[in-house]
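Order-wise, the sequence lines are chains W and A.
Numbering-wise (my numbering), the first sequence opens with residue 1 and increments by one.
Numbering-wise (my numbering), the second sequence opens with residue 1 and increments by one.
The set of hints was computed from the structure by calculation and includes no laboratory data.
Take these hints with a grain of salt, some might be off.
Derived list of chain A stretches under chain W, where covered just means 3 residues or more per stretch with a C-beta under 8 Å from a C-beta of chain W [stated by the list, open to error]:
#, segment
1, 35-43
2, 198-209
3, 274-280
C-beta atoms are modelled at their ideal positions from N, C-alpha and C, and glycine is treated no differently.
2 protein chains.
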Amino acid sequence: MAAGDDVAGLVAQAREGRPRAVARLISLVESESPRLREVSAALSPHVGHAHVVGLTGSPGVGKSTTTAALVSALRQRGQRVGVLAVDPTSPFSGGALLGDRIRMSDHATDAGVYIRSMASRGHLGGLSWATPQALRVLDAAGCDVILLETVGVGQSEVEIAGLADTTLVLLAPGMGDGVQAAKAGILEIGDVFVVNKADRDGAASTRRELRSVLGMAQRPEGAWRPPIVMTVASTGEGLDVLVEHVDAHREHLGAGELQRRRHDRIRREIRAITLETVRRRVGDLSGHAGLDDLAAQVLAGSTDPFAAADQLLEQL
Amino acid sequence: MAAGDDVAGLVAQAREGRPRAVARLISLVESESPRLREVSAALSPHVGHAHVVGLTGSPGVGKSTTTAALVSALRQRGQRVGVLAVDPTSPFSGGALLGDRIRMSDHATDAGVYIRSMASRGHLGGLSWATPQALRVLDAAGCDVILLETVGVGQSEVEIAGLADTTLVLLAPGMGDGVQAAKAGILEIGDVFVVNKADRDGAASTRRELRSVLGMAQRPEGAWRPPIVMTVASTGEGLDVLVEHVDAHREHLGAGELQRRRHDRIRREIRAITLETVRRRVGDLSGHAGLDDLAAQVLAGSTDPFAAADQLLEQL
Chain W
1 MAAGDDVAGL VAQAREGRPR AVARLISLVE SESPRLREVS AALSPHVGHA
51 HVVGLTGSPG VGKSTTTAAL VSALRQRGQR VGVLAVDPTS PFSGGALLGD
101 RIRMSDHATD AGVYIRSMAS RGHLGGLSWA TPQALRVLDA AGCDVILLET
151 VGVGQSEVEI AGLADTTLVL LAPGMGDGVQ AAKAGILEIG DVFVVNKADR
201 DGAASTRREL RSVLGMAQRP EGAWRPPIVM TVASTGEGLD VLVEHVDAHR
251 EHLGAGELQR RRHDRIRREI RAITLETVRR RVGDLSGHAG LDDLAAQVLA
301 GSTDPFAAAD QLLEQL
Chain A
1 MAAGDDVAGL VAQAREGRPR AVARLISLVE SESPRLREVS AALSPHVGHA
51 HVVGLTGSPG VGKSTTTAAL VSALRQRGQR VGVLAVDPTS PFSGGALLGD
101 RIRMSDHATD AGVYIRSMAS RGHLGGLSWA TPQALRVLDA AGCDVILLET
151 VGVGQSEVEI AGLADTTLVL LAPGMGDGVQ AAKAGILEIG DVFVVNKADR
201 DGAASTRREL RSVLGMAQRP EGAWRPPIVM TVASTGEGLD VLVEHVDAHR
251 EHLGAGELQR RRHDRIRREI RAITLETVRR RVGDLSGHAG LDDLAAQVLA
301 GSTDPFAAAD QLLEQL
């Protein structure tokens, strides 16, 4: 542990809005430092305030630009904003901005905004178990809204929805097959749809197509009907409407549905941590004498691999 | 359980050489029937005789043709032969021959040969846990040699080596970058190298290149030096030499090294089954009241996900 890594002290400083304490705590959870558990425990009493908004969509639809524009809009309302940009394909991580996040640097010196890029070639498939912990850090640090942005690659898009209270699905006109391309699983997870680059040719037809596909979905009475918002994130056009819809969705969730979503999220997280813990214990068995004994018994034909696994499990 | 699925009876019939009993047992392990464990236990006293020979190499090098030619060569010596063709990318499975296995149909009516194609989009990454169990069935059924062939896709090639006593790595001239393309991990696993389609242009230079790359490897005194065999599997040319080298490798392994390899293999298998068992138990927790309680405690801020996972583990 580096000097100054008193966890309780870091959490207290983070709650006072000290960016370096926030950054240090995220580093601790991200590096899976031995203090990960201690950090997680220290955060527990201070989480549950932030509205987590996920942004997902294919590369090129303008996720980073939209994230930056949302930060501006939320800051104008005086809200504290956290940005967590997760790139499951990148080995790079840390506090540095991603290369294409030029616009985000407008906010880099704003004390009301925390920006963090995380690499996340996760142990759990896509997003690593560090991602929910980093969300907890930003939440405990007093963020009103946390924007969780992922580089859209397959499974991670759907995982984002599992971590967010409100999921924005971004599309843009002229992105290959447009709505068709986005169909696989992503239309089901959107709470708000954004047709970005709405000043381009084809925006109206993208909206029309999207509306038609969404209209086919069966929704129960009183269920949330995902709106479609047209934006030009690079100029800020449509961002006020987008923020209104994000607020409306949060309001629609109310206390009950929000808690239900978060309960499900935590259940998944506990299960993932449980499984990963066992995976590591089993991985640590390389030098385990019991495993060698059991393998010798299977080799001798006196037991079988399944019975041996049962015995190993009892020893764990 | 279908009528006639008395496991002890099926194992006895399989040991008498009844193909239908062998096929039924493989189906039981492959479908992960509830009888999987019972089958595995019943096989235990009867395994360890077969010499498992893995064949791996890029698509197009002639693995199926080489497998068929090896079957012919081994049958000429009067040996019983099992063939397990594993395709980790295919959703299709069962006793049917793969589409391109025309040559294998020469052996389809030979009572001394068991041929089985398995789909294997496995739970354990590449090869499923059914693959080692299917090997055990063929072993218990009295096969002298089991040819384990995989469609070469990345990880599965290396996994094949983990299941085989002797691993054949196949190359062919004019396959893109040839030896260079095969370099990533595959040169380390070969016990015998086969340059198939040796009547084609470039065969000599493929051998030369391969010899040069293999020559760079540091090997301890007395270690096995992987030979390179030139074959034209479609005509049977070179197959006798290949069989000699396979025999020589088996002899080189002796009792000690063979047991060591198999011990390692069983260790890995026990670990994989252990992990998969826990994975399923954790997956089965969807309706677990304890998990809901723990999630509620995390949501209320009275505990954290890691402490909750620890408690869940204790309950398991």
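So which of the earlier hints does this model not fit?
2
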